[in-house]
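Quick mapping for you: the protein sequence lines, in order, are chains A and B. Quick note: the first sequence, position 20, residue 20 per the working numbering, numbers continuous. Quick note: the second sequence, position 3, residue 3 per the working numbering, numbers continuous.
Note that these hints are calculated values from the structure, not bench results. Wrong hints could be hidden among the right ones.
Given that identical chains are not distinguished, each listed pair holds provided it fits within a single copy or across any two copies.
[As the list claims (entries may be wrong)] DSS-like cross-link-like pairs, simulated, lysine-lysine; straight-line CA separation at most 30 angstroms:
no., residue 1, residue 2
1, 81, 2
2, 100, 81
3, 62, 27
4, 100, 69
5, 69, 81
6, 81, 27
Bear in mind that the values here come from a model prediction, so they are computed numbers and not experimental data.
Protein chains: 2
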Amino acid sequence: MKAPYFAVIFTSSLIDSNDPNYHQFSKLMDNEVQKTPGFLGKESYREDSGKGVTISYWESQKAIEHWKKNTQHLLAQRYGKDHAYSSYELKICKVERAYKYSTLEGNQKK
Amino acid sequence: MKAPYFAVIFTSSLIDSNDPNYHQFSKLMDNEVQKTPGFLGKESYREDSGKGVTISYWESQKAIEHWKKNTQHLLAQRYGKDHAYSSYELKICKVERAYKYSTLEGNQKK
Numbered sequence: 001m002k003a004p005y006f007a008v009i010f011t012s013s014l015i016d017s018n019d020p021n022y023h024q025f026s027k028l029m030d031n032e033v034q035k036t037p038g039f040l041g042k043e044s045y046r047e048d049s050g051k052g053v054t055i056s057y058w059e060s061q062k063a064i065e066h067w068k069k070n071t072q073h074l075l076a077q078r079y080g081k082d083h084a085y086s087s088y089e090l091k092i093c094k095v096e097r098a099y100k101y102s103t104l105e106g107n108q109k110k
Numbered sequence: 001m002k003a004p005y006f007a008v009i010f011t012s013s014l015i016d017s018n019d020p021n022y023h024q025f026s027k028l029m030d031n032e033v034q035k036t037p038g039f040l041g042k043e044s045y046r047e048d049s050g051k052g053v054t055i056s057y058w059e060s061q062k063a064i065e066h067w068k069k070n071t072q073h074l075l076a077q078r079y080g081k082d083h084a085y086s087s088y089e090l091k092i093c094k095v096e097r098a099y100k101y102s103t104l105e106g107n108q109k110k
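For reference, chain A alone in the conformation it holds in the complex:
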């Protein structure tokens, strides 16, 4: 991924980390987002407390808007808001510069 591109930082707190419906929606979204034009990748982390973050990366703001309106995603958003999350925060970001380091590759500016 060469900057500039876009990132959505989605921070959330789950009411119940073991909610099976949440995990089912989550898997469905993992599959669905892969098919969305302009999707570049994502990473997710969640603590045992239920607090976590998913950062997704996108080619354009238009691609983010398109994903936001995806029918399956709208259902998941509704479930999340009504049942799964006690709180969440969404940040739409423009990635202006990115650097990568690996012991195998050394420094790279991307």
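Let chain A serve as the given structure and place chain B on it in line with the hints.
Coordinates of chain B only, in the frame set by chain A:
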């Protein structure tokens, strides 16, 4: 925090999650960054595998540059690169829009 502001997404993989020197540097940086002008806050998540992310928030790109050059931080960066991380990635982002939801407060555009 009212957009626009800036975010640094720092993704890393630790060679040894239990490295005491890493945790000492990490605590020092937690204290040091709080004193840095323009620092707005941060959140961190790490998996048992050693993979994790720290997202820090800043008033300006200038504040990020200032923190990058902090003397204590330079020592920590050196330790991280030489000893603690097998890989890392740094993304400098402009937060263009942010939304918050909480069951207590309802929707808020920030």
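Results for each hint:
1. Taking the shortest alpha-carbon separations for residue 81 and residue 2, only the inter-copy value of 22 angstroms comes in at or below 30 angstroms, while the best intra-copy value is 33 angstroms.
2. In this assembly of identical chains, residue 100 and residue 81 lie within 30 angstroms of each other by CA distance solely across copies; the values are 11 angstroms between and 35 angstroms within a copy.
3. Proximity of residue 62 to residue 27 under the C-alpha cut-off of 30 angstroms is restricted to the intra-copy arrangement: shortest distance 24 angstroms within a copy versus 40 angstroms between copies.
4. Taking CA atoms no more than 30 angstroms apart as the test, residue 100 paired with residue 69 passes between copies only; the shortest distance there is 18 angstroms, against 32 angstroms inside one copy.
5. For the identical chains of this complex, residue 69 and residue 81 are intra-copy neighbours only, at 15 angstroms inside a copy versus 41 angstroms across copies, given an alpha-carbon limit of 30 angstroms.
6. Proximity of residue 81 to residue 27 under the C-alpha cut-off of 30 angstroms is restricted to the intra-copy arrangement: shortest distance 17 angstroms within a copy versus 35 angstroms between copies.
When the structure is compared with the earlier hints, no violation turns up for any of them.
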